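Participant: Sequence:
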Amino acid sequence: MKTKIILIKIIFLISVYTITASEIPQRPLTDANLYGHVVDSKSGEHLPFVNILIKGTRIGTTTDASGHYILTNLPLGTHTIIAVSMGYSPVEVEFTAVEKKTLELDLMLISTGINLDEIVLTASPTASGFRYQPDAVLLGEQLQKRGEVSFGEMLNGQPGVAMRSFGSAPARPVIRGLDGDRILILENGERMGDISETSADHAISMDPLVANRVEVVRGPASLLYGSSALGGVINLMTSDIPDDAPNGTNGVLSMQGATMNRMGAGFAKISHGNGAHAATARLSFRQAGNITTPEGELPGTSLRNFDAAAGWGFNKEKSNGGLTVSLFNQQFEIPESIEKPDESVEIRVNRQSLQGRFGKEYKSFFDKAQLRFNLTRFEQQEVEIETLSSGLDEESVELTYGQYAFNSTLTVQHKARRIFDRGALGASLQAKILDVDGSDVYTPGEQRLTAGIFTFQEIPLSNIMRLQFGVRFDIQNVTARRNTVFTDINSSRTSVNYSGSIGLNHRPLPGFEIGGQFARSHRNPSIEELFANGPHLGAGTYEIGNTNLKDEIGNGGDFFIRYNRNVTTIELATFVNFFRNFIIFQPTGEIEPISGYPIFRYEGDEAMLLGGEIMFNTTFIEKLELTSTLDYVNGRRTVNGRSNEFLPVIPPFRFSVELEYDYTFGWLGTKMQAVAKQNRVAPDEDTTNGYMLLSFTAGFRLNKGGRHVLILRLDNALNENYRDHLSRVEDRGFPMPGRNLNVSYRWFF
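Using numbering that gives the first Met the number 0, the letters of the sequence shown map in sequence onto residues 0 to 748.
Derived by calculation from the structure, the hints in this document are not laboratory data. Where hints are given, some of them may not hold.
[What the hints assert, rightly or not] Using 20 angstroms as the maximum straight-line C-alpha spacing, the simulated EDC-like pairs for lysine to aspartate or glutamate come out as follows: (1) Lys100 with Asp39; (2) Lys317 with Asp242; (3) Lys431 with Glu512; (4) Lys414 with Glu294; (5) Lys367 with Asp392; (6) Lys317 with Asp366; (7) Lys315 with Asp243; (8) Lys670 with Glu657; (9) Lys315 with Glu378; (10) Lys676 with Glu644; (11) Lys622 with Asp685; (12) Lys622 with Glu644; (13) Lys670 with Glu719; (14) Lys414 with Asp366; (15) Lys359 with Glu316; (16) Lys676 with Glu719; (17) Lys670 with Glu140; (18) Lys362 with Glu316; (19) Lys359 with Asp434; (20) Lys315 with Asp39; (21) Lys676 with Glu570.
[To be verified] Cβ pair distances, simulated, as ranges: (22) Asp661 with Gly401: 44 to 54 angstroms; (23) Leu625 with Leu326: 23 to 33 angstroms; (24) Phe747 with Thr587: 46 to 56 angstroms; (25) Arg600 with Asp661: 19 to 29 angstroms; (26) Leu625 with Phe699: 47 to 57 angstroms; (27) Ser490 with Phe419: 41 to 51 angstroms.
Computed from a prediction, not measured in an experiment: that's the story for all the values here. Glycine included, every Cβ here is placed at the ideal spot set by N, Cα and C.
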């Protein structure tokens, strides 16, 4: 109740401030008027919703759906009119306002393309640049600075993003306390076709060196991506299909090493274009030993992977697209038990993928269309290895996953008309066949088919306020597939779901942005949650499913305030989500006697998650940059007389401060992260103590253009002995990695 009252007060104060800020004194009646149209200099198309300003004043307007604008009662004299629109270079034209005269002035804008560094494509099919929930983009040097073995480790520490760890390889992002398949991991906008979301021992089938851009959307995204996107979306973007085709050859070579696990990695990519077509090829390799902790080596945490792809793309005046084929091969160990030094578990992954993207522009109301698809073959083996007294290893394949998956999305954009800005209609198809086999099978396989349609629309209410709304309908059929254990299973579920959102973006002052949305999202139970019954070797758990589980339904709101002016950026984000039939992987506190694994049951209940993030960034004393973040999540059950019970595996409160001095040819930095004790735990869940980590970094741009970049990073500099609350290793009984020196080098040519 206190949280709701605080939110209401915040919204009320902002509303009062906004109304006050928008009051503009009446200007004298000069009858000096200006009108005209704003058009694209190349196509001649009239441009709607362009911001029109009189330089040095607060006088302004925005063009209507036909690109027309009008300004009345202007101050007499010579002025400069400014036209600004995203994706176009601003234009300034001088004119003279004369009493009782109306001047016609048409303006032409030159397209520059959308600045993708500032726009999160994952959050909007039209790339309008208006935000309704918090998001972030990492690219270029930002990715190199955060170079890690997995995406979970790379993104850990971003506002609202934590890490579920089970060794380095299967580390996976957690957004606002939600993980698993409640967080969608996309590859170039489509589902990857692996099984990383189904269990703690399953890894994302892409090496972090491959991504050249990572987008993070915090909050529900079912509208655009369908079932499962309750907590957020992480889009891993590569350039395997070239976006453009400049003449000539270019590429990148990268190397990385670390002391904590004796890790070495390399990445190479080359592209060649002739202006209209381009071809590209890449490969990467990574190998690492066991993680070293302050208490010694953590066995069963080594890894090795190989990643390669080749692609082709074309870029014509009215069309673009391309194809790429890729393969991923990985072997990594899973920490089993320190008490069984002669036994180990190894996960072996193979993935092949064919991706395509095709876009075209039309001279009609529906003027842009894009088709994306991803066809994937995936195989994973969980192998138990026992070292015999003779010194030889004996292998046994305990569990095998084989999956074929196809994911595709067609998005059609339309022009602005009447009260509507550019919008989009879309359709998606997701199909997969998963077979599960082996001596330790604990779930059936599945056949899943999902078809969906959606629309995303925006309505400019003024030149400083914009409304967004959308709705999506999905129909899904899930059929269980028999295997050697589930020989008689005969289950099929069909569901029709809808999701939607309505949001508001308000920019009352330059650099000041307020946004929020209310969203309804849904998620269908996974095959493991429904039918699991047995020991899961890789995860070290005994899992019991529940066939009575219903679809999860989430209703919640996101609200953020962002100030970005000169050298300072401040962002405050809050959220609250209410869930019906929330599926909980609940520890029972019991041990299954044969396997020796702790027993977990899947339960459905009502739940609430609320929290927020704060980010502050500023530059002072010339090139010294300060960044500070904090985030907090509170998750509880809310019914069945257990309103005081906390949800399991919720991240603790975190706070960080980072200083970085950039001197053009390089930078020096340090970061302190403090994590609080987590004692708000579910029944039979262990608490964890708080801790503080200190790190240092130094970067060197070996020439002025930054074509050679060398980075040194010292993590956990004080060799802190700590347990992570989201670690799945032996009930958090093992410490996290100790002191580590990470070295990376990248050469652009």
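Participant: Each hint: holds or not?
Facilitator: Quick rundown of the hints versus the structure:
Note on lysine 100 and aspartate 39: the hinted pairing is violated, with a Cα-Cα distance of about 27 angstroms set against a maximum of 20 angstroms. Restraint check for lysine 317 and aspartate 242: the C-alpha separation of about 14 angstroms stays at or below 20 angstroms, so the hint holds. Of the pairs offered as hints, the one joining lysine 431 and glutamate 512 is violated, with about 41 angstroms between alpha carbons and a cut-off of 20 angstroms exceeded. Under the criterion of a C-alpha separation no larger than 20 angstroms, the hint pairing lysine 414 with glutamate 294 is inconsistent with the structure, at around 62 angstroms.
Proposed proximity of lysine 367 and aspartate 392 is contradicted: the alpha carbons are some 58 angstroms apart, above 20 angstroms. For the suggested pair lysine 317 and aspartate 366, the alpha carbons sit about 10 angstroms apart, so the restraint of at most 20 angstroms is met. Restraint check: the Cα-Cα separation between lysine 315 and aspartate 243 comes to about 9 angstroms, which is no more than 20 angstroms; the hinted pair holds. Note on lysine 670 and glutamate 657: the hinted pairing holds, with a Cα-Cα distance of about 4 angstroms set against a maximum of 20 angstroms.
Restraint check for lysine 315 and glutamate 378: not satisfied, since their Cα atoms lie roughly 37 angstroms apart, outside the 20 angstroms limit. Straight-line distance between C-alpha atoms of lysine 676 and glutamate 644 comes to about 17 angstroms, which keeps the hinted pair within the 20 angstroms bound. Between lysine 622 and aspartate 685, the direct Cα distance comes to roughly 44 angstroms. Violation of the 20 angstroms bound is thereby established for this hinted pair. Among the hinted pairs, lysine 622 with glutamate 644 is inconsistent with the structure: their alpha-carbon atoms are about 48 angstroms apart, more than 20 angstroms.
A hinted pair counts as satisfied when its Cα atoms are at most 20 angstroms apart, and lysine 670 with glutamate 719 qualifies at roughly 14 angstroms. Distance hint between lysine 414 and aspartate 366 is fulfilled; the C-alpha atoms sit about 7 angstroms from each other, no more than 20 angstroms. For the suggested pair lysine 359 and glutamate 316, the alpha carbons sit about 9 angstroms apart, so the restraint of at most 20 angstroms is met. For the suggested pair lysine 676 and glutamate 719, the alpha carbons sit about 15 angstroms apart, so the restraint of at most 20 angstroms is met.
Simply put, lysine 670 and glutamate 140 have alpha-carbon atoms about 17 angstroms apart, close enough for the 20 angstroms limit, and the pair holds. With a CA separation close to 13 angstroms, the supplied pair lysine 362 and glutamate 316 stays within the 20 angstroms bound. For the hint pairing lysine 359 with aspartate 434, the CA-to-CA distance comes to about 38 angstroms; that exceeds 20 angstroms, so the pair is violated. Simply put, lysine 315 and aspartate 39 have alpha-carbon atoms about 19 angstroms apart, close enough for the 20 angstroms limit, and the pair holds.
Annotation: proposed proximity of lysine 676 to glutamate 570 is violated, straight-line Cα distance about 25 angstroms (limit 20 angstroms). For the pair aspartate 661 and glycine 401, the supplied restraint of 44 to 54 angstroms holds, since their beta-carbon distance comes to about 49 angstroms. One distance hint, 23 to 33 angstroms for the beta-carbon pair leucine 625 and leucine 326, is violated here, with the actual separation near 43 angstroms. Range check, phenylalanine 747 to threonine 587: about 53 angstroms between beta-carbon atoms, so the 46 to 56 angstroms window is met.
The given range of 19 to 29 angstroms is broken by arginine 600 and aspartate 661, whose C-beta atoms sit roughly 51 angstroms from each other. Checked against the given bound of 47 to 57 angstroms, the beta carbons of leucine 625 and phenylalanine 699, roughly 22 angstroms apart, lie outside it. Checked against the hint of 41 to 51 angstroms, the pair serine 490 and phenylalanine 419 passes, with Cβ atoms roughly 44 angstroms apart.
The structure does not agree with the numbered hints 1, 3, 4, 5, 9, 11, 12, 19, 21, 23, 25 and 26 stated previously, though it agrees with the rest.
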